[in-house]
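Work out the full structure, taking the sequences as your base and the hints as a guide.
Keeping their order, the protein sequence lines are chains A and B. Using the working numbering, the letters of the first sequence correspond one by one to residues 317 to 780. Using the working numbering, the letters of the second sequence correspond one by one to residues 135 to 504.
These aren't lab readings, by the way, just hints derived from the structure by calculation. Predicted model only: the values in this text are computed from it and were never measured. Keep in mind that the hints are not guaranteed to be accurate.
Claimed, not checked - Derived BS3-like pairs (lysine-lysine); straight-line CA-CA distance at most 30 Å:
1) 431/B x 467/A
2) 315/B x 374/B
3) 520/A x 273/B
4) 435/B x 467/A
5) 607/A x 377/A
6) 431/B x 520/A
7) 350/B x 316/B
8) 418/B x 673/A
9) 740/A x 452/B
10) 740/A x 246/B
11) 520/A x 418/B
12) 389/A x 325/A
13) 246/B x 734/A
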Amino acid sequence: MNEIPGLVKRGSEILRTIEKIGKYSKSELEGLARLTGEIQGHTILSFLDKRHGDAGLYFLKNVLSKHVNEAVKAKEKGKKVILIPFNFPPELIHAFENAVPLTTEMMSTMGALALEGEGEPYWDYAMSLGIPDYVCSSNTTALGSMLTAMKGLEIAPDAMISACPGACDANSKIHEFVAETLNVPEFMLDKMGDGVFDYELYRKLFLNMVREIEEFVGEEIDEDRIVKVIENGNTCTELYWELHELKKHSPCPVPNMFTMLSCGTRFTMWGRDEAVSMFEKLLEVAEKRLKRGEYPAEREIARSLWVYTGYYIDLYDLWLWMEDNGITYLTDILNSGGFPQIYEVFTKEDALEAIIKTSWDYQMTRQMGAENMGLRWTEDFIYLAEDLNANCAIYCGHHACKQSQAVFRILRDGMSSKGIPVLKLDGDAWNRRITSVSVLQEMILDFVQNVVAKKRRRRRGSRR
Amino acid sequence: MSLSKIHEIASTLENEYVEKWRSEGNAVVGHACIAMPKEVAEAVRILPFRLRGAGNADTSTADSYLSRYNCSLCRSCLELVLNGSYDFLDGLVRVRGCDHWMGTFDEVQHAKNPEFMHYFKVPHLVNGDTLEFFSNEIKRLKEAFENRFGVEITEDEIVRYAKVQDEINEKMREFYRLRFKKPRFYGSDAIAVVVARESLPSEVFLQLLESAMAEKKKVDFRAKVLLAGSPLDEIELIRKIEEMGALIVAETTCFGGGSFWNMAEYDGSEIYDFLAAKYLNNLKICARMFGEYAFRKNFIKSMAVEAEVDGVILQHNKFCDLFGIENAKLRMDLEKDGIPVLVLEKEYASTADIGRIKTRVQAFLERLKR
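Pasting the structure below:
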């Protein structure tokens, strides 16, 4: 383990290579995929699959590679690298000239999908430090990788942010562990509930945090820059909702993998020009598919709403496979849980207020910061199910996510009361050793063929 | 006699004093966190009763609400709520202690929908803004009690009960010091005392504590140990550990010394601001409080020095992210400082765990050369 560089360093090398990829033919692509390991090959095939147009490659080159390599280069340029969790809007950091965000979950996802040994060497290293095996593998993997910075094998963050202690214990606690061990400052927020006083406290803490970051980075946020960041965010929001509208068509013209590309962009580049271009690409591909009536399977059987996260262990054998079998992945909590909004801003103060509101209502902070997390989660997903005409819901059952596991019963009862069957899987979203992809496929197929499809047939029969 | 009464109270839920309290027309409200300001409730004769598992290992119904990936203490408590063992409560005050407790209260609401369930918002950070928020939150708790139970809570009464709590805290420190140098009580006695405090009206508890302190005993042990980590009310488990010769002489846990050791004494200031600072600062002992890792590490170290312990046991229930992660860090740091550490991961009240735990404790004692 001591000899293996961290996820960011290793990922940045691969991504720089991918930046050089031009347009490959299908057979060239398959050849390239064969040169790599099975998982890495599947990742390449997934991103470059023709159903995604050039959106997959654009994501790798202009979103992920930039995100990662800007962090790598930041050090050389004297900029600060701020490690942020999935539930913090990166646009605040993009508002700084001299700071770049690095998102914890993007690191572990990249590890699980693109690197030899996936995230496992880092997870193993974390285990050797005494971190329990039931802690979220995404955070544990990121921890193992970050700590290699002590040996100069990883980009050490200069500071960290904890967006919502209490909304995800594992995430907040792992961030604290890393900050304490690497001896870097940690900036923290606290969302107590949904009331007026709760918001007032959150706003105060957020503004204090901004002042602290300004002091730490040695730069006051420039008004023009932050306004531009919000304007870009607004454009992305418009495109995001257009994409959402397209998902209402059946068969769904938006490829399954676009959910990941959309939230991957949200978590890293939101507020930047690259994010706008990314969403334009997603929309362009989906609109073309709609116009041509393209759908990979003969018919769309299941319109599945993933009520929590997806699995990031094999995109090809899960998300593409699902689509090939008539199972649409409409969206999940990471992509749709935040209900992005447009904010009209003219000043730095307006822009900060917009980011505070966004952060307060951000995906998962919104649900898990609620007074009754189970109810908020259920209400949001019943709304999404009705809005997107979902005919089933799937919970990935990420075994380390204690808060969603704790209230799944509430969600299931709520969904069932609306006639939406829910499949509870059992696995680890970032670690393929827990439940293998073939087992997941079997469970999904069983559910779709025996519950969802039969229900559709019964409904059609009763209409006749 | 008083010590055996305390053990009896700690081993049951609705005890004879609670029954009497209720028969006099007073209310009992359940809660699950030491951030609950007892003074505010007691000022209008509402008994704050802390939820605990009371050694219940059967979680069969609770498991259909929570999952098997949730903390077994929470599942045990939920089971007791669902099977009616907590029906003597007139309501609940929920605190977002951790992911597991939050879900537990969500599920209680889903399954039982109690008439009174107040969400008491306890910040995860301690600073000027959160203290101001928490002071107002305590006022909102007072208003919730007033509205639900048709009472009026005066600041004078709260101050009166704050002084009662001060007296109890001081007496508790005195009792704990009887365990430090030349121990005169077992750790199992101490945990029973803390559990009893969370289950009794303050006046009753104070009397029992004073007489129990007179019942000093001869205590045998091989090594003196400090217990830290997640909430632990398993008196039977402590007894088993002590039977091996590892005497628990101090705890920093919230069913132990952590529940009162750092509680400030009333200083005459504005009562709500005082209570906010008193309870939030004391809560720094819990891993759910962020930015306070150094406080917890130093608290363990200072208690270890004062109690002259040979080593520290860091324990947590399986699936506890907060203490599971923190214990890994604490082990690294305490051992670097020369303090021997045993990390114990366990399931709540599981008899199946006992043999394994005994072996680990035995090995730890060998490591301590005791």
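Here is what the structure says about each hint:
no.	hint	result
1	431/B x 467/A	holds (25 Å)
2	315/B x 374/B	holds (22 Å)
3	520/A x 273/B	holds (20 Å)
4	435/B x 467/A	holds (29 Å)
5	607/A x 377/A	holds (27 Å)
6	431/B x 520/A	holds (29 Å)
7	350/B x 316/B	holds (11 Å)
8	418/B x 673/A	holds (29 Å)
9	740/A x 452/B	holds (22 Å)
10	740/A x 246/B	holds (24 Å)
11	520/A x 418/B	holds (21 Å)
12	389/A x 325/A	holds (11 Å)
13	246/B x 734/A	holds (21 Å)
Hint compliance for this structure: every hint is met.
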